[in-house]
Amino acid sequence: MASEEESAVKEPLDLIRLSLDERIYVKLRSDRELRGKLHAYDQHLNMILGDVEEVVTTVEIDDETYEEIVRSTRRTVPFLFVRGDGVILVSPPLRTA
Amino acid sequence: MSGTIAAEKGSSTTKTPSDFLKSIRGRPVVVKLNSGVDYRGILACLDGYMNIAMEQTEEYVNGQLKNKYGDAFIRGNNVLYISTSKRTIAEDE
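Chains as they are written, first to last, in the working numbering: chain B, 4 to 100; chain H, -9 to 83.
This is chain B alone, in the form it adopts within the complex:
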């Protein structure tokens, strides 16, 4: 392969563009996860998602027994604007969901 000096090298954001109008999985800060259809995004990773399911995961530790209680709270939202600074990771949906 010739060593090409590509100025149009693909950026990670270019590859997110391939997921437009597809369902995606988004990991957010504060132990939150979203699954929804990606309608739009920008360089900040602000996103518009449709038909979204949000899962909030909390771990409580019992004071006496010290057992970890993992709780998941779910809700669905038809249309959602996500502010990009909370985004950690974006991916096509996990099959094991």
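Quick caveat, the hints were computed from the structure, so don't treat them as lab data. Source: prediction; values computed, not measured. Quick reminder that beta carbons are idealized off the backbone N, C-alpha and C, glycines included. Warning: the hint list may mix true and false statements.
[Unchecked claim] Label pairs and their calculated CB-CB ranges:
no.	chain 1	residue 1	chain 2	residue 2	range
1	H	G38	B	R74	37 to 43 Å
2	B	R74	H	L55	21 to 27 Å
3	B	D24	H	G26	32 to 38 Å
4	H	G53	B	H47	44 to 50 Å
5	H	K76	B	Y69	19 to 25 Å
6	B	P95	H	Y39	18 to 24 Å
[Unchecked claim] Anything over 12 Å on all C-beta distances counts as not near chain H; from chain B, calculated:
no.	residue
7	L21
8	S22
9	I51
10	I64
11	V80
12	L83
[Said to hold, decoys possible] Listed next, the in silico PhoX-like pairs over lysine-lysine satisfying Cα-Cα at most 25 Å (straight line):
no.	chain 1	residue 1	chain 2	residue 2
13	B	K40	H	K58
14	B	K13	H	K22
15	H	K58	B	K13
16	B	K13	H	K12
17	B	K13	H	K56
18	B	K40	B	K13
19	B	K40	H	K56
20	H	K76	H	K5
Start from chain B and add chain H according to the hints.
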């Protein structure tokens, strides 16, 4: 082949962080986030903000494998470091 990384360290191939970022595409990497979570996979591409696109990504929390992603995009502000690894991409079932 496997000793290339060590050999390049002393040579003039990688001088600046930008050169490093250009040179590691396609390699298996370890990406550690500020939150302490580890992601191991093959680096597809990255940009100057340290936004990362990876393939065959595995997520390790406290050293334990938690998730596998076919493709993963990680927002650069969360990245603590990107490190190359000599991980053999064993496609074990």
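Each hint tested on the structure:
Range check, H/G38 to B/R74: about 39 Å between beta-carbon atoms, so the 37 to 43 Å window is met. The supplied range of 21 to 27 Å is met by B/R74 and H/L55, whose beta-carbon atoms lie about 23 Å from each other. With their beta carbons about 34 Å apart, B/D24 and H/G26 fall inside the hinted range of 32 to 38 Å. Take H/G53 and B/H47: their Cβ atoms lie about 32 Å apart, and the range 44 to 50 Å is violated.
H/K76 and B/Y69 have their C-beta atoms about 39 Å apart, which leaves the hinted 19 to 25 Å range violated. The given range of 18 to 24 Å is respected by B/P95 and H/Y39, whose C-beta atoms sit roughly 22 Å from each other. The beta carbon of B/L21 is not kept farther than 12 Å from every beta carbon of chain H, the shortest such distance being approximately 9 Å. The beta carbon of B/S22 sits about 8 Å from the closest Cβ of chain H, which is not more than 12 Å, so the claim that it is off the interface is violated.
Distance check for B/I51 against chain H: the nearest CB is about 16 Å away, which clears 12 Å, and the non-interface claim stands. Residue-level check passed: B/I64 sits 15 Å from the nearest beta carbon of chain H, beyond 12 Å. Non-interface call for B/V80 relative to chain H: holds, since the shortest CB-CB distance, roughly 21 Å, exceeds 12 Å. Chain H leaves B/L83 outside its interface by the beta-carbon criterion, the shortest separation being 17 Å against a cut-off of 12 Å.
For the given pair, B/K40 sits about 20 Å from H/K58 by alpha-carbon distance, which is consistent with the 25 Å threshold. Pair hint B/K13 plus H/K22 holds up; C-alpha atoms about 22 Å apart against a cutoff of 25 Å. Among the hinted pairs, H/K58 with B/K13 is consistent with the structure: their alpha-carbon atoms are about 23 Å apart, no more than 25 Å. At roughly 12 Å between alpha-carbon atoms, B/K13 and H/K12 fall within 25 Å of each other, so this suggested pair holds.
A C-alpha spacing of about 29 Å is found between B/K13 and H/K56, which places the hinted pair above 25 Å, so the restraint is violated. Proposed proximity of B/K40 and B/K13 is supported: the alpha carbons are some 23 Å apart, at most 25 Å. Annotation: proposed proximity of B/K40 to H/K56 holds, straight-line Cα distance about 24 Å (limit 25 Å). For the given pair, H/K76 sits about 21 Å from H/K5 by alpha-carbon distance, which is consistent with the 25 Å threshold.
The structure does not agree with the numbered hints 4, 5, 7, 8 and 17 stated previously, though it agrees with the rest.
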